[in-house]
Amino acid sequence: MIRDHDEVFGRSLPFGERPALILIDLMRAYFEPGGELFLGSRDCLESAARVLAAARTAGVPVIHTRVAFGPGGVDGGLFFRKVAPLRHLVGDGPLGRLMPEVAPGPEEVVIVKQYASAFFGTTLASTLNALRADTLVITGVSTSGCVRASAVDAVQHGFVPIVVRQAVGDRAPRPHEAGLFDIQAKYGEVWDEAAVTERLGGSGLPQAVTERLGGGGLPRAGNGPPAA
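Mind the numbering: the sequence shown is residues 1 to 228 in full-length UniProt numbering, read in order.
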């Protein structure tokens with residue numbers, strides 16, 4: 001019997017040549033002290049901002065997500081009923097706005113979602129396919145929730161998930177570390193910020209994407225306004 005889990009789950013996926021960056025739900029709700037969704041730290045936000053800067057410098061495509069529900073949260077179904085604080089994300093209230101540190105650029109896609117995975121019920125997969133992306137660099141919140149769900153769906157859609165350890169966060173250390181452990185073991189790769197920014201700096205994606213898209217950018221997706 002094999003007892004060393006590293007021997008069983010020790011394989012790795014390669015960081016591809018055509019990455020895209022996603023920033024998951026870096027909204028005011030998670031960073032405003034006193035709120036029900038407050039994470040208690042801005043460390044992951046600051047790290048995500050640095051990764052974002054590196055991606056922009058390299059010309060790597062950037063996708064943002066945020067959560068917003070319609071009246072009564074009916075489009076959130078049982079998820080909305082289960083997680084009471086989601087009521088603060090009905091409509092276009094201030095808690096649903098993206099943080100200024102990671103405000104979307106004019107040509108960066110913003111996807112509005114209602115569930116944990118950034119893929120579920122959204123245009124993310126088709127957008128990544130249009131970009132000819134092979135790798136999805138993942139930052140955002142929360143590690144055990146939307147980050148993990150998005151990483152699982154990324155690999156199921158054929159994109160290598162690269163989760164940036166310092167650029168994801170959760171409300172407590174144990175679910176954060178458990179989420180990273182699970183992702184690394186079965187679904188993707190967990191990289192340190194420094195390694196990711198170095199790899200993005202060496203990416204050959206910008207020219208390839210420009211050629212494939214005929215030199216044009218992608219429009220903003222979803223119905224979300226720019227960050228305040």
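You may find that some hints are simply not true.
To be verified - DMTMM-like mimics (lysine to aspartate or glutamate), calculated; alpha carbons at most 20 Å apart, straight line:
1. K186 to D134
2. K186 to D153
3. K186 to E32
Keep in mind that the hints were calculated from the coordinates and are not lab data.
So which of the earlier hints does this model not fit? 3
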